[in-house]
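Protein chains in written order, with the numbering used here: chain A, 1 to 212; chain B, 1001 to 1350; chain C, 2001 to 2557; chain D, 3001 to 3187; chain E, 4001 to 4227.
Honestly, the hints are just simulated from the structure, not real lab data.
What follows is a set of in silico ranges between Cβ atoms, one per label pair, in the way DEER data are often shown:
# : chain 1 : residue 1 : chain 2 : residue 2 : range
1 : B       : 1224      : D       : 3090      : 44 to 52 Å
2 : E       : 4026      : A       : 41        : 24 to 32 Å
3 : E       : 4026      : B       : 1322      : 15 to 23 Å
4 : D       : 3165      : C       : 2273      : 26 to 34 Å
5 : D       : 3090      : C       : 2455      : 14 to 22 Å
6 : E       : 4178      : B       : 1170      : 28 to 36 Å
7 : B       : 1073      : D       : 3050      : 47 to 55 Å
8 : B       : 1168      : A       : 41        : 48 to 56 Å
9 : D       : 3090      : C       : 2273      : 27 to 35 Å
In silico negatives: residues of chain B with every beta carbon more than 12 Å from chain E:
#  : residue
10 : 1004
11 : 1055
12 : 1070
In silico DSSO-like pairs for lysine-lysine, Cα to Cα no more than 27 Å straight-line:
#  : chain 1 : residue 1 : chain 2 : residue 2
13 : C       : 2417      : D       : 3091
14 : C       : 2481      : D       : 3133
15 : D       : 3171      : C       : 2417
16 : C       : 2450      : D       : 3165
17 : D       : 3027      : E       : 4121
18 : C       : 2065      : D       : 3165
19 : A       : 141       : E       : 4096
20 : C       : 2100      : C       : 2065
21 : D       : 3103      : D       : 3091
22 : E       : 4096      : E       : 4173
23 : E       : 4173      : A       : 141
24 : D       : 3164      : C       : 2065
25 : C       : 2450      : C       : 2417
26 : E       : 4121      : D       : 3091
27 : C       : 2450      : D       : 3171
28 : A       : 86        : A       : 204
29 : C       : 2100      : D       : 3103
30 : D       : 3103      : C       : 2450
31 : A       : 164       : A       : 141
32 : C       : 2100      : D       : 3164
Even for Gly, the Cβ is constructed at its ideal location relative to N, Cα and C.
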Amino acid sequence: MRYRSILISALFLFLFAVAGSGLVAFTYDLTADRIAENQRRALLRSLNELVPEERYDNDIFTDTLTMPVSGFPGITGPVTVYRARKDGWPVAAVLAVTTADGYSGNIRLLVAINMDGTVAGVRVVDHRETPGLGDAIEHGKSDWILGFNGRSLGDPALEQWDVKRDGGVFDQFTGATITPRAVVKAVRDALLYFGPRRHSLFEKHPDPPAAS
Amino acid sequence: MQFPTQSSPYLPPVNDVTRLMVTVMLAMIPGVLCLFWFFGWGVLFNLLVASFAAVGTEALILRLRRRPVRPTLGDGTALLTGLLLGAALPPLAPWWIPAIGASFAIAVAKQLYGGMGSNPFNPAMVGYVVLIISFPLQMTLWSPPHGAGHDLLPLLDAARLVFLEALPPGTRLDALTMATPLDAARNDIARNLTWSEILQRPLFGSFAGRGWEWINFGFLIGGLWLWQRRVIHWQIPAGMLGGLFLISALFYIADADSFGSPVFHFFSGATMLGAFFIATDPVSAATTPRGRLYYGAGIGVLVYVIRTWGGYPDGVAFAVLLMNMAAPTIDYYTQPRVFGHRDAGDDGND
Amino acid sequence: MMPPDDNAPAMTMLPDKPLRFPGGLQLASNKAQSLGGPIRSARLPRRLYVPLSQHIGEPAEATVKIGDRVLKGQQIARSLSYISAPVHAPTSGIVSDIGKYPVPHPSGLSAECLVIDCDGEDRAVDSGLKMRAALDADPAEIRQKVRDAGIVGLGGAGFPTSVKLNPGPGHQVELLIINAAECEPYISCDEALMCDRPQDVIDGIRIMQHALGARQALIGIEDNMPRAIECLTTALRNAQDTALRVVPVPTLYPAGGEKQLIYALTGREVPSQGLPIDIGMVCHNVGTAAAVARALIHGEPLISRVVTVTGAGIAQPGNLEVRIGTPIADIVEQCGGYTADVARLLMGGPMMGIALHTDQLPVIKTTNCILAASRDETPDPRPALPCIRCGKCADVCPASLLPQQLYWYARARDFDKVQDYNLFDCIECGCCAHVCPSHIPLVQYYRFAKTEIWDLERERQKSDLARQRHEFRIERLEREKRELEARRAHARKTPDQAGAGDADAKKAEIAAALQRVKARKAQQERESGTGESLGAEQQRPLTEREPRRATQQDDEA
Amino acid sequence: MLTAMLAIGILAALFGLLLGYAAIRFKVEGDPIVDQIDALLPQTQCGQCGFAGCRPYARAIAAGEADINQCPPGGETTIHALADLLGLDPKPLDAERGEHAEKTVAVIDEQVCIGCTLCIQACPVDAILGAAKQMHTVIESECTGCELCIAPCPVDCISMVPVKKDIRDWKWPYPQSAQRPVAASGE
Amino acid sequence: MTSYRNIVRDGFWTNNVGLVQLLGLCPLLAVTGTFINGLGLGVATLLTLVASNVIVSLIRSLVRPEVRIPVFVLVIASIVTLIELTMSAWFYELYKVLGIFIPLIVTNCSIIGRAEAFASKNSVGKSFVDGLSMGLGFMLVLVALGSLREITGTGALFSQAHLMFGDAARSLKLVLFDDYGGFLLAVLPPGAFIGLGLLIALKNVIDRRMQRRAVRHTAVAGRVAEA
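Please work from the sequences and hints to get the whole structure.
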């Protein structure tokens, strides 16, 4: 009698668990493709802001490389490179870089660089800077980040790739210096990294698409 | 013959809330004078606007709560909150900064919790934190101290700037403001300058920042006077300065290039104002003798941590509020040994 | 409770100089006003109102009737239990009434009093208290005499002295401490007594020391009474006594608190909720010592005491020897009456005394001071502001309590929490309320909480009793029903054995009758014990009795 | 996918076994909460709550069949204590049950009493002494003031009188001050 | 005992999950920065609550008491995962904003609370209504708090409406105060606490008003009856 009651409990719970997880598994199967497509499109949208769709014809989403980087103080960790090609020719690369020099925590950026070495655009993906001060680096909050468009290593000269307070050409915002300084340095280092490697980067085989 | 009855004791009381508050206000004078000397008229505007806003808000809310207005205003606690907040604000902040801060301090941090004596957090520091979270830009614009290469704004220009937000002709806001030594030091550390290099800059005065050394010294003098008058207990300032000293000395000894010295931390920012005037606010602080020491030490350590690694330049306000939250717990675990009991907390029924 | 044995050896190591107990206050002493001259004898009033309960414990029971003639020193009420004291006629006269009259008590309520119309002859009866050689007598005999003399602690609490002279089995008294600190402002009756009658004081202490078997006795006096110290030391030097010493303690209120004085003199703490005897000490008031000497050497029971009459509201302050039962108005009149400044009448000092609503109240055994204070001396309480947690109260608390925590919980009527913060270690000295910048009547909050807790305890015991009685009743009804049914069934089955059923019924009836008798007995016992304020100790036997009775009943049934 | 489902299923079955065992092993007999509630009730056994005494009421509260505000003799104090114990919000006394009144005790007018013993049978705590045809009397210290003896008395010789106020039972009043007293809500 | 009317009133007002029971505070405080965020999470919670109430009520007679809680948790977890998958498939942008708070609905005490306190004792119909009204009540609080914070924090309302209603809804954004400097406190977490406190206070004020009015009404009614 006792054992039966224990066994019934166990069986009951077992059935529910199987039914529940079966339902979840079924839905997952049903939605998996759509979700993957959503993710792809979300990333593409932010990449397209930097490198417009009409400039390339390859699958920029899968044509990626992840390179270890060292020796660039403005960048920490590996850099992911999204490569844009048209008719097989390299057009531009989008570098996903991270800087640790922010006021609080890491700042993740997308830096798009044309093959001629000019900046096609910069966007902040993720940061934890002081709200109201450092968060002006976001495109939604101010246009400061657009100031990089068209710049290159010679324009301005390398030693002037800095905020104004440190003798450079880029504005800091009132009340905050550290955040813009970190972004400027990160963009500069992204340019420095990309410059000599622009051709070799496009020759490597892409990473296998990440399983999701 | 018939006589009135009441419970003992009957002797005339020896203390009075109003007198305590007035004593604290008097003790602020040296520090406030130094502030005024180095930062000019803006300091005065801050104190005035904050006091008016604090007292006015208190009166308004007391009316709404249908409590007696006049006797409660007479205790001086609202005025003191306004003054403490005013003394902590950047000197050329627009007038609505102290106004919003003081109103919030009184309305939300004090009256919503039930008025004097019931607020778990220090109202002035709540006001300050609300301001720095909401208006970080205005709250980080300090004018350069007197003698650091700039002249102070004359009275009229300062008033126009504060009340009309009109800059004097031919100047830019950036020219009128600069970071405080604490903030500047963090910037410089971030640029990999060493402390010896940082201290070379004119802003840093003799050891802890031009002007700020004297301001902190002024509040230290006032604070010692308060202690001598038995208005505050020694444990909280001692705990806070001790905690700050220990942790800053530890890091300073380990790496003198990247971390400020204890002296720098003692005499910059709101250290002395915090230690003697803000952390000692009895309502929100720990109350047992040992608890006060821990409470102060907690503030000291947190001030250092927030200054060094946090997201905002000075940490006194955040540190005080954080420890306010811990105060009841500290009190609970630091009850003194009751006379005739063997251990603290022993209920004597063993 | 702390084991009493772990301290015996420490006894010999008294500190070189008196220690400072925690907290305390420096107060203006204001004693000089009443120390202008020697102790005067107050004149006899026309009528005395002698309360039957002037002490802690059971009230005494009148042994005289209305209309009886009594003589000075004659016992007029006897004590019925151990913790109680008899009452004697303060002078000769006729008992004109026994009934409720107002007595000095914070409630302003009335209590049972004997009213004596004095005949002015002041004829005395031989009390039989005098002992030829008290210092050689058996301690038990001394205790009996002290008890018969109606002596209670004259410092203010009024605990029967004979009880405190009995250390009880298993207790060795090392040290007798005589409390002559008189720390409260204005009160000077003990100082006057020590200056005017040092011999009585010392004789009394010796008798007590002997009765207790104490090796040593210390007299603790605040050091702002140099004249009293000198008088006692002079008397002692004459007596060549080494087992008895006068120790001046620093003037700091409340140095006269029993636990505080013991700490100052010996550096040892009386355990919480314990007694000095737990650490081998006994503490008596200096006035009590003198009363013992008056009784055992001069044969006078406790019918008068020295009372300080002082304050800016009194024209000629001074110390008077007053018969117990004298109306306060009468002695005020003898001190020149009230001045125009009088605003408040206190019995006791300004820190712990009680405010009297009228002066038509008698002096009782514990009346050490009548303070007619002016408005400047004792202003009306100012409206209380909210507590700002400044902690000044904790700084001055001699018990190292956290008065503001007690206040929060007492105010919120959280009687569990308030006990967690050791409310019952509070001695109600008033230091906290005196320094409170918000003018909160802290002590009254504590008194409120204490009396509420006692009341709740009484209620709880009462409801426990009711529950037991109710449960027992239900059980009894069920049993009776069962028995009845059993009997009926039995009767139906075997009619010839009906007699047995009757016998059962008889038995039940007898049991019921027995129970009634027992209940009545219990009631009588209880009634003899009623009026006692039902401390836990007294109540326990009662509550234990009930289940016992119930089980007995079960056995019989 | 199947393995995941199976893994979760087996895990669930294991927990089911464990819980089934625990349910048998740790079964609690009786209900200690009834004792705790009973301890808070005033034990007048008056039945004003609608139950036959305090313990039945306690049982009803524990079972969720009765509200905590049905005890007039306990009044607000009892309601608060019960609310505390059960984690409920205190509510005002149910007015239909009666009002919280001053404590009283029953007194029998011995001149009028005819010795019928009806009150003795009604008394829930056996606090009335006496036998048939004999005068009865109430043991004051054991009377709970439940008033249950009043109705049965055929000659109306029982009256309720307030408990005598004694100087020893006197309580210090709650301090009067300018502040309004706050509800007993803790920090 | 529990009429439908009472169930609805309980859910919306007297026993509101957010204002009275104070359950599910974690998502409540974290995501209510804007109106749309509040609405999104509110809808997700509502769906979960209704579905779990109905299922729990359906199986209530089958469940043995000892495995009751694990079964409820299994049901709720399955529902939430379904909703999460659905959201990320059809409302990806909103899903990204609400982030981790969708799976956290599993731990929202109000859901298991209703399952245990109501659905396991009542019929399917009643449980459905209970889930619906409790969920709507919670959603209303989320939306109210979100609007409050959005207005005081940014001076606008319905920004980012396209996350839920598609690009056409972009024009819904209402700018209430032009040239508003922004009050960051309201947008940041402390603002959520203060805002919720104010909402609760508002509810208490209204309750007290209504109580007073009710008392007055009965008094008047009594007088009328007497006369």
